[in-house]
Amino acid sequence: MNGIHDMGGMHGMGPIERERSEPVFHHPWEGRVFGLRRAMGAWRKWNIDVTRHEVELVPPVDYLRMSYYERQFAAFLVLLQKRGFVTSAEIEAGIPASGSAVSAPALTREKAAQLVAKGVPTSRDVPVYANFRAGQRVRAINANPLGHTREPRYVRGKLGTIDRDHGVFVFPDTNAHFLGEKPQHVYSVRFAARELWGNQAAPQDSVYVDLWDDHLEPA
Amino acid sequence: MTTSRGDVLTAALTAAGAAVAPDLARAQEHEDDHDHGHQAVPSDPALRVKALESLLVAKGLVDRDALDELIDTYEHKVGPRNGVRVVARAWTDADYKRRLLTDADAAISELGYGGMQGEHMVVVENTATVHNVVVCTLCSCYPWPVLGLPPVWYKSAPYRSRSVIDPRGVLREFGLDLGDDVEVRVWDSTAELRYLVLPERPANTETLTEQELAALVTRDAMVGVAKVTAKREESTA
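Chains A and B supply the protein sequences, listed in that same order.
Counted the way the numbering used here counts, the first sequence spans residues 1 to 219.
Counted the way the numbering used here counts, the second sequence spans residues 1 to 237.
Honestly, I wouldn't trust all of these hints.
Said to hold, decoys possible - DSBU-like, lysine-lysine: derived pairs with alpha carbons at most 30 Å apart: (1) B:K50 / A:K118; (2) A:K182 / B:K77; (3) A:K45 / B:K59; (4) B:K77 / A:K82; (5) A:K111 / B:K227; (6) B:K59 / B:K97; (7) B:K155 / B:K77; (8) A:K118 / B:K231; (9) B:K155 / A:K182; (10) B:K97 / A:K45; (11) A:K45 / B:K227; (12) A:K111 / B:K231; (13) B:K59 / B:K227.
The hints are simulated quantities; they were obtained by calculation from the structure and are not laboratory data.
Please read all numbers here as calculations on a predicted model, not as lab measurements.
Whole structure, please, built from the sequences with the hints as guidance.
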């Protein structure tokens with residue numbers, strides 16, 4: 001979707017504000033949101049692409065006004081309801097509705113440590129034909145899907161060169177909508193800065209964007 | 001931090017002009033009409049998060065020990081000091097550096113690091129003529145196992161929007177003015193590859209040990225918004 005989250009190349013966002021000796025979490029609740037999202041992710045009722053898309057669905061005015069963890073919390077609340085973990089009545093009351101028990105055990109401390117150590121790899125060891133090879137000229141497709149995509153607006157229709165093939169990965173554009181993993185090759189595609197931004201960019205500079213086979217066509 | 005968010009919002013709204021104001025007012029009304037969903041900036045996030053945590057625990061969906069483990073790990077155990085060790089090793093061990101640049105996952109795991117949001121690592125090398133800088137324009141992707149969780153500025157609209165269109169201007173804001181003899185490469189983390197910059201080893205550090213070199217390396221240099229200097233000026237890690 002052409003949302004506010006896809007902000008590469010936008011102007012007017014102001015100076016970059018840095019904070020010295022910045023804490024990992026500015027408030028304890030931010031840490032709780034971070035942990036709750038990971039702990040609930042272990043139920044595998046969604047995937048990383050679903051969670052990213054839910055944040056993208058935060059309306060643009062709210063998206064810009066909210067802090068990172070406010071956005072994460074707002075999207076998390078919606079996702080918990082969409083996937084049937086809690087009802088809005090339960091969220092308001094803060095207590096479970098009667099008879100709403102869970103049979104399976106929640107993520108344990110040991111399993112949480114394993115999750116941190118191993119992560120959730122999104123590469124897939126399946127034979128998939130690579131449409132492109134390093135050095136090949138490609139064009140990023142011009143597409144404007146209503147749903148989730150990891151092809152940012154600023155590269156659409158632009159010419160680039162395959163820098164390297166990273167191998168086969170889950171395709172977020174379908175995975176975010178529970179439409180399957182559709183594993184395919186991911187490449188770093190090098191776009192000359194001037195191809196993207198015109199002559200205001202330095203001629204020697206470039207932007208490398210990771211794109212999937214379905215985002216690319218031969219040039 | 002609160003100030004910086006306010007400034008970002010002010011800047012965004014100012015740029016968008018007065019036309020935004022009625023929409024904002026409507027959005028506010030909308031919030032007041034509904035008690036769930038995206039529209040609400042929690043009036044008191046601390047209370048609302050606490051209530052949600054209690055609910056999820058009461059329903060058997062979350063184990064507080066696991067929750068504490070996850071938070072403690074990223075608050076206290078994982079951070080830029082991991083990446084610092086990787087960089088210092090690469091500067092002092094040519095074989096390690098070669099492995100790091102060709103198979104980053106394996107080389108980083110040699111030092112005991114890896115896992116969540118670092119499952120697929122790529123290391124890019126800064127030199128006298130090539131400067132790499134990392135961003136995630138679409139969200140906030142960042143290599144957690146080697147750098148920890150990202151700072152607010154990395155996740156902010158100003159950094160995400162401008163790094164790709166004006167990397168040299170962004171770097172100047174960080175105090176780094178690169179000449180025309182340098183090629184700037186911006187890496188937008190749009191997939192599950194996570195990028196770590198191997199900074200250029202500063203001059204006149206030949207006599208330093210791996211540990212002494214490690215003390216010079218900063219988080220910002222490993223994102224690519226700074227260089228490593230022989231005298232570390234301030235702690236950002």
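A quick look at each hint next to the structure:
With a CA separation close to 28 Å, the supplied pair B:K50 and A:K118 stays within the 30 Å bound. Straight-line distance between C-alpha atoms of A:K182 and B:K77 comes to about 35 Å, which puts the hinted pair past the 30 Å bound. Of the supplied pair hints, the one linking A:K45 and B:K59 holds, its CA atoms being roughly 16 Å apart against a limit of 30 Å. Of the pairs offered as hints, the one joining B:K77 and A:K82 is violated, with about 33 Å between alpha carbons and a cut-off of 30 Å exceeded.
A C-alpha spacing of about 38 Å is found between A:K111 and B:K227, which places the hinted pair above 30 Å, so the restraint is violated. With a CA separation close to 49 Å, the supplied pair B:K59 and B:K97 exceeds the 30 Å bound. Our distance criterion of 30 Å between C-alpha atoms is met by B:K155 and B:K77, whose separation comes to about 21 Å. The hinted pair formed by A:K118 and B:K231 fails the criterion: a straight-line CA distance of about 36 Å is larger than 30 Å.
Straight-line distance between C-alpha atoms of B:K155 and A:K182 comes to about 29 Å, which keeps the hinted pair within the 30 Å bound. Of the supplied pair hints, the one linking B:K97 and A:K45 is violated, its CA atoms being roughly 40 Å apart against a limit of 30 Å. Among the hinted pairs, A:K45 with B:K227 is inconsistent with the structure: their alpha-carbon atoms are about 42 Å apart, more than 30 Å. Distance restraint check for A:K111 and B:K231: the Cα-Cα separation of roughly 42 Å exceeds the 30 Å cut-off, and the hinted pair is therefore not satisfied.
Taking the CA atoms of B:K59 and B:K227, the gap is near 49 Å; set against the 30 Å cutoff, the hint is violated.
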